[in-house]
Amino acid sequence: MQLSNVIPPRFRPTGHQPSVLTRWHVGNRQIAQIVSLAVVAVVLLPVVYLVTGALSAGQEGINYVLRTRTLLIIANSVALMLASTFCATVIGVPFAWLTGRCDLPWRRIWLVLGLAAMVMPSYLTAVTYSEAFGPKGILQSLLEPFGVDRLPGIKGFVGATLTVTFVTFPYIVLPVRAAILRCDRSLEEAGQSLGLNRRQVFRQVILPQLRPAISAGMLMTALYSLSDFGAVAVMHFNAFTRAIFIQTESYRMDKASVLALLLIVMTLFLLILQARLHQPGRNYRIGTGAARHLETVSLGRWKYPSLFFCFIVIFIGVVIPVLILFKWLFGHTLTNPIQVSMSELMRNTAGVSAVSAIVVTIAAFPLALLAIRASTRFNRTLVNLAYTGNVLPGIVIALALVYFASRNALSLYQTLPLLIIAYAIRYLPYSIGATESAFSQINPRFEEAARSLGLSAWAALAKITLPLASGGILAGLALVFLNVMKELPMTLILRPIGFRTFAVRIWSAYDEAFLSSIALPGLALILVSVCALAIILRREKAVN
Amino acid sequence: MSTYRFKLSGIVLMLIALVIAPGLTSADDALTVYSGRNESLVGPILEQFTEDTGVEIEVLYGGTSAVANQILTEGANSPADVFIAQDGGALGALAAAGLLAELPEETLARVADPAFVSPDGVWAGLSGRARVLVYNPELLAEMGLELPDSILDLTDETWSGLVGWAPTNASFVANVTAMRVLLGDCDTEDWLAGMLANGVQPYPKNTPIVQAVINGEVVVGLVNHYYLFRFLAEDPEITATLHFFPGGDVGSLINIAGAAILATSDQPDAAQQLVNYLLSDTAQDYFAQTTYEYPLVDSVEPSVDLPALGDIEAPEIDLSELDDLQATLEMIEESGALD
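These protein sequences, in sequence, are chains U and H. With the numbering used here applied, the first sequence covers 359 to 902. With the numbering used here applied, the second sequence covers 293 to 631.
Keep in mind that the hints were calculated from the coordinates and are not lab data. All figures in this text were calculated on a predicted structure; none of them were measured in a lab. Don't be surprised by glycine CBs; every beta carbon is placed ideally from N, CA and C. Warning: the hint list may mix true and false statements.
Claimed, not checked - Label-pair restraints from in silico Cβ distances:
no., chain 1, residue 1, chain 2, residue 2, range
1, U, E702, H, D558, 44 to 50 Å
2, H, V596, U, F673, 42 to 48 Å
3, H, G491, U, A437, 16 to 22 Å
4, H, V596, U, L500, 36 to 42 Å
Construct the complete structure from the given sequences, taking the supplied hints into account.
Structure (structure tokens):
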């Protein structure tokens, strides 16, 4: 699974363009097109409702946007985005370099632990951080001997930035490390032979090759920080998602819609900016030449500082949250009078995630097929529209669908199908990306050969292409599964009455300070997520 | 990845889907309860109701204001049969919108004090609760602070950064409404602004505030009286105590948790059965013994060492006057308390 897959083709930094590979019978193409149209119609539903909702606010809506408090929300979101993207890059790039190129001891272990930070749900990390770094938290008790009675606490900007930084830095590490491993050794040698020293080689030869990967990672981090709900809600930082949640909870749909549209515009702006800034890659080799093993960089006297750096990153990103969960599991905390069996939570969480992952994968299939096999202008537009989920944060989809169901589709209101539709809209891009890239790696001649031997188009697809693409599709499935499992705002707002998942249980336990009820679901969620991540990463290894 | 493995994973996922699918369909004939009270407080007694009567219920939990707004938005489409609120004001808001059905005389008569039922007979109080200041006596002594005589004194500089509140909690919202009724909008806005300027610490609900006071994160917190007793029941050693603001201060508001039946309910009989059950001795005893609230029927006594409901120097206010929920929510939002 390449991370860049989840970025829409139009904005993909690798300059990937689907091309016409195999001529398709018109009838088959039409079936795929009709299904795709239906899927895209559902995907666009939230946007339609948000625009309607915002328009119904009228002049009041415009006044609402222009008041100081709303402008403050924009400023908060931008500040959080810039700060967390900067911090994640500052942590992620050295981490990728150390685990990718250097003779750092135990570098695979550091890498795996670093990526484990990626599966931590932001709300869980935030809850544990507010305990660890709170006014009377663990950090304070460590500082007690030095006369520190009380810390100022990290609620607000600091806490939100800290949380988002540590759950997103793996999004920088993954692409940057992959780029580091792809670097061309002979370019470095050429640089050295022209008299550059090591530092100059890094700045003038290696860094330019990493730039697209770094900017892709930064884009992912920035998108995450704009769309994340858990961290800002727990940390009481009034960014867009939290403000929208508060308005949605009070059923003030017009205001919530106005805020949601603003957030979508900001996200779109970010994607366009990134696409503009990015210049198509010229960092590849032209001649034939054999691939050569990369030379490992010796750390020398930097070995211990580097080890310390990795240790601190892992300690804050992974160890502290897990430690706090264990502390709550075994420590003395208020007993929750509502006991929910772990098997019920597990069944609901795994069940709804599995169903959603299957639904999303099936819905993505015709779109990926069109993108690869029938890349006309119309079809490309269709596929790009299906990527709308990328600019719709979960809370925004939830808001739109509550609005939609409570007015126009009462039979869907508070039902599981509506929740699954919400997940599908949000995570369809992940699945299309994975399926499309799996298809694009298959030589169309295989399918053509099968056709020439008498198989129909569908049979060739089922017998030749699908099995070959199955690994990539499965990785996409696992990615959707992983994300649905830890999704919070949509689950919270759209779930049927009485339907509990790990995320819901953790949230309501946090709400009422039943810390022991956070621990077990939290640890279980992390464990299952790590398994899903392992499937995704195995695939990446296979591809590389 | 081999085809075999792919198929296998697919089959496993399908199996998971099949196993859970039956559990996901809900019983259509169940009584639907919208609860603005936490599951940890009313969940056990609602389960007991099903056990005792065989009436299946499904419960939507949320904040009282949020749930009230949800019912207002859903209007005639609302699937709710019964609304349980932690604040008389929210019940009043739904009553004012004409969404509640009238309760029979004998149900209303169960509540001993007529101040705790709706004047139009559309909702009944289930339990009483007092707004209090929970404090950490050790920290208070350490810092040389004295307990304030009024909730209004908490804007004083000496309390800077030491107070906790739950600005989205319905009991807090009701307290602010009471303040608007007794002191006027201007003074209420000033108080909210003063608290924020004083670095008041926000928490999602009451329990985290009590936890924070026990941990020493804040020294005092604005809560309902009963949360502390849940902590004391598990660990009598903890250091936290209640302070009732004296002299009819608005900070000592006595409010109710109550229930009402929606006029649009398709199961009014079962709904009536639930409301009656919640006023029965069994349920009132539960509220007294388990959640440490004030029972509202004559036949049940409060369990813990609390001042009698009549002895609290509460402000003179009619609970049905607290129904201007929307304006209070707007004011709290405009004050920046939610930012």
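Here is what the structure says about each hint:
1. Distance hint check for E702 of chain U and D558 of chain H: the Cβ-Cβ separation is about 28 Å, which falls outside the suggested range of 44 to 50 Å.
2. Between V596 of chain H and F673 of chain U the C-beta distance comes to about 44 Å, which sits within the given range of 42 to 48 Å.
3. Taking the beta carbon of each, G491 of chain H and A437 of chain U are about 20 Å apart, inside 16 to 22 Å as hinted.
4. With their beta carbons about 37 Å apart, V596 of chain H and L500 of chain U fall inside the hinted range of 36 to 42 Å.
Checked against the numbered hints listed earlier, the structure breaks hint 1 alone; every other hint is satisfied.
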